[in-house]
Every structure is written in structure tokens, then in C-alpha cells.
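Number of protein chains: 2
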Amino acid sequence: MIPGYTIRRVSKDDYEGVIDILKVLTVVGDVSRNRFEEIVDYWDSIYLPGTSTRQHNPHVIVEDATGQIAATGNIILERKLIHDAGLCGHIEDIAVSKNHQGKSLGKFLIDKLTQVGLEAGCYKIILDCDPKNVPFYEKCGYTKAGIEMQIRRD
Amino acid sequence: MIPGYTIRRVSKDDYEGVIDILKVLTVVGDVSRNRFEEIVDYWDSIYLPGTSTRQHNPHVIVEDATGQIAATGNIILERKLIHDAGLCGHIEDIAVSKNHQGKSLGKFLIDKLTQVGLEAGCYKIILDCDPKNVPFYEKCGYTKAGIEMQIRRD
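Those protein sequence lines, which keep their order, are chains S and G.
According to UniProt numbering, the first sequence is numbered sequentially starting from 1.
According to UniProt numbering, the second sequence is numbered sequentially starting from 1.
Hints in this document: simulated from the structure, not taken from any laboratory.
Treat the numbers as computed from the prediction; the structure is a model and nothing was measured.
Keep in mind that the hints are not guaranteed to be accurate.
Identical copies look the same in the list; a pair holds intra-copy or inter-copy alike.
[Unchecked claim] The calculated lysine to any residue pairs, modelled on SDA-like cross-linking and capped at a C-alpha distance of 25 Å, are:
1) Lys139 with Thr114
2) Lys132 with Asp44
3) Lys12 with Leu48
4) Lys98 with Asp84
5) Lys132 with Pro49
6) Lys132 with Arg9
7) Lys12 with Asp130
8) Lys144 with Asp20
9) Lys144 with Gly50
10) Lys144 with Tyr42
11) Lys98 with Asp130
12) Lys139 with Asp154
13) Lys12 with Tyr47
14) Lys144 with Leu25
15) Lys124 with Ile19
16) Lys124 with Lys144
17) Lys124 with Glu37
18) Lys103 with Gly86
19) Lys139 with Arg79
20) Lys144 with Ile94
21) Lys112 with Arg152
22) Lys107 with Asp64
23) Lys98 with Ser45
24) Lys12 with Pro131
25) Lys124 with Ala145
26) Lys139 with Tyr42
27) Lys103 with Tyr47
28) Lys124 with Ala65
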């Protein structure tokens, strides 16, 4: 834990804070409160893939003692056939507020999401990052595994 | 299309062929016929994320005229908040049988999965690959986007 900060699941009440912090990361665009609530409902409805018993919403926020959102991120679990029909975790959309940088919140968040994935049974957890962030993820225990390729609609 | 080959969704009848072809890629391990069928049922139950109306099992196989499985792959769709609550596609677990190499089946499969993702509305589609496969994915229209990092349980 980091003194003064707590981590919890995203809820429907987090609309402004979550939309605001994601702007650190990239274009958020047009997401109404209603659409946000629909998406949180969808996230809450996700089960551990390939099971019907354990719910698994892996979208978390870190907040300070005043309730201000300081960081967010999530881990998607993918049910594969390979590796004994294993689970692979994908960490996505890590954002730390500029107001809260320099407090190791990024590492705290990655450590927590990694723990969530390993406890769910993932045989591996992956994420894609900018080359300049490789040393940060190495400090979190990650190693280089390959090249991310993309194609975009626009 | 590639003459003599067709592409279709994975079905429960594909147990031996799919398990066999995935061994080209990595360790498959202990996946019983019953477990395979459970996983195909799970895949068949997936909806386009954040909707309750369009089913979306994105696991496909390419087969030859005799019904032999020549290639497999899938695209997972992730509902984000960023990019107007957009969809991001993740192409995973591409395998082409050694018996069918040299026929451009890999490119055929990637083109098809890319089309599935774009038609579903993805603003981008990503995949991770070994550095030696970058030129292949560039031929499929993909560009380098970042570094894949991983942590493994073992």
C-alpha cells in the first residue's frame, strides 16, 4: 500500500474522475454518463472466462484520502486452449494523474493488477508499452517478450 | 480466398484438429475433449462487448477440401472507454500447419481476422509477435506500435 491511497473496483459513481484521468492517456471523445454506466454494468457482468461461477471485473482505480482518482487500469483475462486451456492476462489502459506523479502509484497499480491476474490463475500476463517505458515495467518484474503491431481504422 | 481452402468458425467437432495444430505454436498440455467443448460453448456465448444483441465468437479455422485443418486464429474484442468507448481487437494464437505452409494461408487468416475486427467497429487491432515476424505483419498492413512485456507464473 501507499500511505494515503486506496485501490478499489470502478463503480458507476466514478464517471467524471475516470473520464478525466483517461485523458492523460489518449483521446477519450464522446462518452456520456449513461454510456459510462452501461459499460460499468457490462464490466460487472464479466465472469472468469470459461466459468459461470466467479465474477471478474478487473477495472480498478486508485484514490486519495479525499476521494480524488489518482490512477486507473485494468486486466482482461483471456481463456486460451494452449497451456492446459490456460488464462492469459492483458493489462490495459494504465493512467496516472499528473497531480499524483512521483509517488510510485504506477508501480503500485501494476503490482496489484499482476497479483489479480496471478490469483485468477493466469500462466502469463502481458502488456504493450512505449519503448521509453520498458525500464519502468522491468522494475515491476516484466521482461521484453515481442513486438506490438497495430492497424488502425482511420 | 485461397483455392481449395475455406474459413469458418471453430465448432465442437474440431477437437483433434485444433489441438493438433496449436502444437505448432506452443505447449498445449492437458485439454480433454470435454474441456474443449466447454471452451467452445463459452466462446459461442460471447457477445460483442458492451452489447447484448450481437453474438461474437471470433475463433476461426481454415480447412482444406478434405476437411483437414490448415490454420487457426482468433480476435478478442475489448470494450474500452477511450476513443469514444471504442473497441480494440486483439489477434491471438495464429497457427499454420507445417503441411500447408507456403500457400499464404497466414496472410489469408490475418486479413480475415482484421476484416472481422474492423466490421465489428474496432478503432484499432493489435497483435504481438516475434521480431522475426514483423515483415510478415507489415505485408498484412500492420505497423510497429510498441514493445510487448510479460511476466510468467512459472
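Hints versus structure:
1. Lys139 with Thr114: Classified as within; 13 Å inside a copy, 34 Å across copies.
2. Lys132 with Asp44: neither (33 Å within a copy, 39 Å between copies)
3. Lys12 with Leu48: Both ways: lysine 12 and leucine 48 sit 21 Å apart in one copy and 21 Å across, limit 25 Å.
4. Lys98 with Asp84: between (42 Å within a copy, 22 Å between copies)
5. Lys132 with Pro49: neither (33 Å within a copy, 31 Å between copies)
6. Lys132 with Arg9: Neither way: lysine 132 and arginine 9 sit 29 Å apart in one copy and 39 Å across, limit 25 Å.
7. Lys12 with Asp130: The answer is neither: 30 Å in one copy and 39 Å across copies each exceed 25 Å.
8. Lys144 with Asp20: For lysine 144 and aspartate 20, neither the intra-copy (31 Å) nor the inter-copy (28 Å) Cα distance is at most 25 Å.
9. Lys144 with Gly50: For lysine 144 and glycine 50, the Cα distance exceeds 25 Å both inside one copy (28 Å) and across copies (32 Å).
10. Lys144 with Tyr42: Neither: 32 Å inside a chain and 31 Å across chains, both beyond 25 Å.
11. Lys98 with Asp130: Within. Shortest intra-copy distance 18 Å satisfies the 25 Å Cα cut-off; inter-copy 34 Å does not.
12. Lys139 with Asp154: between (35 Å within a copy, 18 Å between copies)
13. Lys12 with Tyr47: Close inside one copy (18 Å) and across copies (21 Å); limit 25 Å.
14. Lys144 with Leu25: both (22 Å within a copy, 19 Å between copies)
15. Lys124 with Ile19: between (29 Å within a copy, 20 Å between copies)
16. Lys124 with Lys144: both (13 Å within a copy, 22 Å between copies)
17. Lys124 with Glu37: Classified as between: cross-chain Cα gap 23 Å, same-chain 30 Å, threshold 25 Å.
18. Lys103 with Gly86: neither (34 Å within a copy, 31 Å between copies)
19. Lys139 with Arg79: neither (27 Å within a copy, 29 Å between copies)
20. Lys144 with Ile94: So lysine 144 and isoleucine 94 pass the 25 Å test inside a copy (18 Å) and across (20 Å) alike.
21. Lys112 with Arg152: between (30 Å within a copy, 15 Å between copies)
22. Lys107 with Asp64: within (16 Å within a copy, 48 Å between copies)
23. Lys98 with Ser45: Answer is neither; intra-copy 31 Å and inter-copy 40 Å both fail.
24. Lys12 with Pro131: The answer is neither: 34 Å in one copy and 41 Å across copies each exceed 25 Å.
25. Lys124 with Ala145: both (11 Å within a copy, 21 Å between copies)
26. Lys139 with Tyr42: neither (33 Å within a copy, 36 Å between copies)
27. Lys103 with Tyr47: neither (33 Å within a copy, 39 Å between copies)
28. Lys124 with Ala65: neither (33 Å within a copy, 37 Å between copies)
In the structure shown, a violation is registered for the earlier hints numbered 2, 5, 6, 7, 8, 9, 10, 18, 19, 23, 24, 26, 27 and 28, in ascending order.
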